[in-house]
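Asker: In order, the protein sequences belong to chains A and B.
Mapping to UniProt numbering: the first sequence position 103 is 103, numbers consecutive.
Mapping to UniProt numbering: the second sequence position 90 is 90, numbers consecutive.
FYI, nobody ran anything at the bench for these hints, they're computed from the structure.
Careful: at least some of the hints might be erroneous.
Where chains are identical, the list cannot tell them apart; a pair therefore holds if satisfied intra-copy or between any two copies.
Claimed, not checked - Taking lysine to aspartate or glutamate and the EDC-like style, the derived pairs with C-alpha atoms no more than 16 angstroms apart in a straight line are: (1) K224 with D246; (2) K25 with D93; (3) K7 with D203; (4) K7 with D93; (5) K181 with E236; (6) K415 with D38; (7) K354 with E47; (8) K106 with D226; (9) K284 with D38; (10) K354 with E118; (11) K284 with E258; (12) K121 with D81; (13) K2 with E217; (14) K164 with D95; (15) K224 with E68; (16) K165 with D188; (17) K165 with D58; (18) K224 with D38; (19) K19 with D156; (20) K224 with E32; (21) K2 with E212; (22) K164 with E187; (23) K2 with D214; (24) K224 with D62.
Protein chains: 2
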Amino acid sequence: MKEIRAKIVASVEKLFGRKQFKALKDLLCTMEPVDIADVLSGKPPAERVFLFRLLPKDLAIDVFEFLEGTEREELLSSFTDAEAAAVIEEMSDDDRTALFDELPAKTVKKLLFHLSPEERKIANTLLNYPEDSAGHIMTTEFIDLDETLTASGALDTIRETASKKETIYTAFVVDEERRLKGTVRLEDIILASPDAPVSGLMDEHPVFTSTETDREEAAGTMSKYDLQAMPVLDREHRLVGILTFDDILDVVQEEATEDFERMAGISPVEESYMDAGVLTLTRKRFTWLLVCIVTQVFSSFILENYAFALESVVALAFFIPLLIDTGGNTGTQSATLVIRGLTTGELSGDDVKKVISKELVLGLLLGGTLGALAALRALTMGTGYGVVLTVGISVVAVVSLGNLVGSLMPFAARKFGIDPAIMSGPFITTVVDIIGLLVYFEVARRLLGLG
Amino acid sequence: MKEIRAKIVASVEKLFGRKQFKALKDLLCTMEPVDIADVLSGKPPAERVFLFRLLPKDLAIDVFEFLEGTEREELLSSFTDAEAAAVIEEMSDDDRTALFDELPAKTVKKLLFHLSPEERKIANTLLNYPEDSAGHIMTTEFIDLDETLTASGALDTIRETASKKETIYTAFVVDEERRLKGTVRLEDIILASPDAPVSGLMDEHPVFTSTETDREEAAGTMSKYDLQAMPVLDREHRLVGILTFDDILDVVQEEATEDFERMAGISPVEESYMDAGVLTLTRKRFTWLLVCIVTQVFSSFILENYAFALESVVALAFFIPLLIDTGGNTGTQSATLVIRGLTTGELSGDDVKKVISKELVLGLLLGGTLGALAALRALTMGTGYGVVLTVGISVVAVVSLGNLVGSLMPFAARKFGIDPAIMSGPFITTVVDIIGLLVYFEVARRLLGLG
């Protein structure tokens with residue numbers, strides 16, 4: 001299928017080059033909005049605006065919703081006020097919230113002014129929800145049905161309003177106070193006899209979320225129950241919006257990327273990598289690297305204290321990298337498995353004892369094998385049995401410790417209400433390093449009779 | 001909503017404890033299948049079987065599809081042949097494929113024997129597709145419509161077969177050879193006049209994937225186009241199955257978890273963490289740790305070579321952990337950002353030059369700041385200007401190098417057709433360590449006039 005898409009893109013380029021704009025418009029109208037957005041992304045700003053203006057209004061808005069942050073900002077700034085107003089008025093409200101999140105406050109203020117009072121109210125309501133909440137990413141464009149309707153009445157309502165709705169495959173039954181009574185699938189409405197009351201077709205205990213719920217948790221709920229659409233309720237249990245499956249996919253991907261970055265010690269970067277400036281990226285990565293340096297104060301202090309050991313037996317220095325790396329890597333491995341388990345819901349706080357005991361056993365197995373190999377290496381270097389034993393014992397200790405620390409810290413974080421993914425690689429690595437070095441030199445001191 | 005679910009679960013426990021099985025069955029019938037599966041998971045095997053048998057057949061099969069691997073195996077082994085046959089015959093075919101993947105080959109053979117010839121053919125066809133392909137995870141339970149149908153004819157077909165289909169919200173129009181002609185949304189069928197030909201309502205250039213396509217790529221395509229369902233075609237372009245949005249969510253989560261594990265140097269673990277035995281986990285983590293040890297041969301070799309420098313100026317040893325950790329962490333940071341960018345499609349192979357230049361600048365900025373701080377630390381320890389300068393320069397070099405190596409290697413992997421996520425933390429760390437140590441000691445040698 002990539003070849004088909006590639007051919008179409010090549011045709012677009014050809015027609016554009018030949019200024020055959022009528023044919024180009026016709027071709028664009030056969031393309032998927034996201035593919036048109038891809039083509040526009042690759043173009044310089046002036047050409048992008050031109051191509052965008054070729055598109056019929058509805059298609060243009062769909063394409064606009066697929067463009068990236070900076071591209072949308074550029075397009076808006078080259079539009080007339082009337083053009084900009086038309087686009088944002090017609091956008092789906094959840095994509096509009098995402099757009100406003102990306103734009104500078106001044107621009108948002110100006111655009112809000114151009115909205116109709118109705119849309120402005122919706123836009124403001126959504127924007128005011130906390131940024132990582134379900135309320136912030138929901139849409140208000142859902143089908144709500146009165147609880148007294150029959151199947152045929154429901155179908156009429158659906159037919160009349162379908163074009164303005166995010167989805168019609170799940171409909172939401174509400175009372176006069178707009179409180180959620182149940183959800184009903186389009187499938188069931190179609191398969192029912194026309195007189196069947198909708199209240200008899202609906203799920204009276206639907207899965208739902210709240211406006212205040214964290215979006216990652218809401219995504220987890222939708223994913224757990226395989227929901228195509230999920231109602232979002234306010235504090236009075238009124239239906240105020242819905243989340244749909246495509247929102248969830250985006251949330252899952254973004255949250256996974258954030259966790260990846262945290263694990264590597266990067267404060268999550270909001271813009272895409274290519275959009276983010278060098279200074280922003282430096283700042284985001286600097287924090288944890290600074291923590292590294294600060295804790296290195298401890299490691300250099302330890303080594304300074306044991307300088308006498310290094311001066312007596314310089315071979316002790318040969319294995320410091322091995323100790324540092326092995327402890328850090330194994331700690332990161334344990335932490336990764338536990339953090340990922342906690343995030344996907346596979347592990348819960350109750351599992352901590354089982355996990356710790358598993359990790360300790362693993363630590364001894366891995367540490368034992370690696371320690372034996374490291375000791376063997378020391379032996380082949382002719383360092384003498386004292387060093388060989390020291391290296392072997394220390395590796396076992398460091399690996400076991402790494403496992404313990406790496407698996408324990410995410411649970412501890414969760415206990416204190418912090419996101420376990422905060423327990424990053426650099427942090428765990430330095431904790432394990434410090435303890436590992438102490439163990440190494442204390443073992444060396446005793447076995448080699450130093451100091 | 002968690003409180004509501006918790007209350008229901010408490011009621012289940014209460015009724016079970018009081019042996020009020022009729023009331024318990026009624027309660028279970030009001031619950032979501034995935035919640036019933038959660039309750040069963042927490043129970044010892046004997047009770048689990050008992051509770052499972054309480055459920056009416058259709059609900060039982062839905063619940064079965066939500067249980068974990070080992071639980072399903074246990075249940076099946078406690079069923080009579082007739083019970084087991086009933087469950088697997090009625091299961092949706094894609095969940096059955098997943099089940100067979102988890103079971104030992106002997107059990108699968110036995111179960112296949114119990115299937116009707118029709119279902120056995122489907123089961124075998126799906127099983128034979130490569131394990132990570134779209135074909136392996138697709139379902140054959142889709143609505144196919146003849147291209148000559150009208151909207152009302154289509155609706156009749158849908159009504160008749162809906163109960164056996166994975167989804168009815170997207171229907172697939174095929175010709176007599178079962179080649180895909182287009183896809184049509186239920187929404188459009190409903191909104192059309194009854195006589196409208198389906199061929200006029202359909203998308204004639206639908207987005208599709210192939211049975212051989214990697215499932216992660218297929219998931220990316222569905223995600224990109226926000227598809228609720230996507231057709232899967234064989235080599236002759238015949239429609240053989242579909243993927244639905246809930247499959248994709250699972251794939252995205254599993255692939256993210258695999259990438260996390262690879263980044264930490266763990267060969268992906270197929271079972272869930274709690275199910276995996278200690279020996280399996282050891283083996284999966286051992287591979288990369290072994291690579292660590294092997295490359296440590298080089299680092300200990302380097303240090304042995306520069307033993308003279310360490311003997312002359314023992315303070316050089318104090319900063320080895322700092323160098324090792326900083327280089328490793330920064331390399332992992334760069335690699336994480338690039339790998340994640342390549343995986344989510346945000347970065348492509350063409351971006352390599354832009355990324356490398358960005359990373360080099362970042363390396364110098366970060367390295368410069370960190371190097372200054374490290375040099376300051378060395379100064380406060382009274383190590384003398386030679387060491388201070390050596391530390392400062394080496395940190396700058398190691399951080400820049402770490403960035404370069406960390407960002408370059410995923411691109412290189414992709415170039416050679418390997419998954420960029422293979423470029424794990426341990427691997428990059430050791431490469432950066434080795435080069436970093438060489439730089440450190442060579443700078444030291446010259447600045448301090450050693451050897």
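Asker: One pair to classify: K2 and E212, alpha carbons no more than 16 angstroms apart. Within, between, both, or neither?
Answerer: between (41 angstroms within a copy, 14 angstroms between copies)
Asker: At most 16 angstroms between C-alpha atoms: does K165 with D188 qualify within a copy, between copies, both, or neither?
Answerer: between (19 angstroms within a copy, 13 angstroms between copies)
Asker: Which holds for K354 with E47 at a C-alpha limit of 16 angstroms: within a copy, between copies, both or neither?
Answerer: Classified as neither; 60 angstroms inside a copy, 22 angstroms across copies.
Asker: With 16 angstroms as the alpha-carbon cut-off, assign the pair K224 and D38 to within, between, both or neither.
Answerer: between (32 angstroms within a copy, 11 angstroms between copies)
Asker: Using 16 angstroms as the alpha carbon limit, work out where K164 and D95 are close: within a copy, between copies, both or neither.
Answerer: within (14 angstroms within a copy, 35 angstroms between copies)
Asker: Is it within, between, both, or neither for K121 and D81, if the alpha carbons may be no more than 16 angstroms apart?
Answerer: Answer is neither; intra-copy 20 angstroms and inter-copy 61 angstroms both fail.
Asker: State whether the alpha carbon distance between K19 and D156 is at most 16 angstroms within one copy, between copies, both, or neither.
Answerer: neither (46 angstroms within a copy, 48 angstroms between copies)
Asker: How would you label the pair K7, D93 (within, between, both, or neither) given a Cα cut-off of 16 angstroms?
Answerer: neither (34 angstroms within a copy, 35 angstroms between copies)
Asker: If the cutoff is 16 angstroms on CA atoms, where do K2 and D214 land: within, between, both or neither? Let me know, please.
Answerer: between (36 angstroms within a copy, 14 angstroms between copies)
Asker: Quick one: K415 to D38, C-alpha cut-off 16 angstroms, is that within a copy, between copies, both, or neither?
Answerer: neither (44 angstroms within a copy, 22 angstroms between copies)
Asker: When no copy is named, should K2 and E217 be tagged within, between, both, or neither for a Cα gap of at most 16 angstroms?
Answerer: between (35 angstroms within a copy, 11 angstroms between copies)
Asker: At most 16 angstroms between CA atoms: does that hold for K106 and D226 within a copy, between copies, both, or neither?
Answerer: neither (40 angstroms within a copy, 31 angstroms between copies)
Going through the hint list in order, the structure does not satisfy hints 2, 3, 4, 6, 7, 8, 9, 10, 12 and 19.
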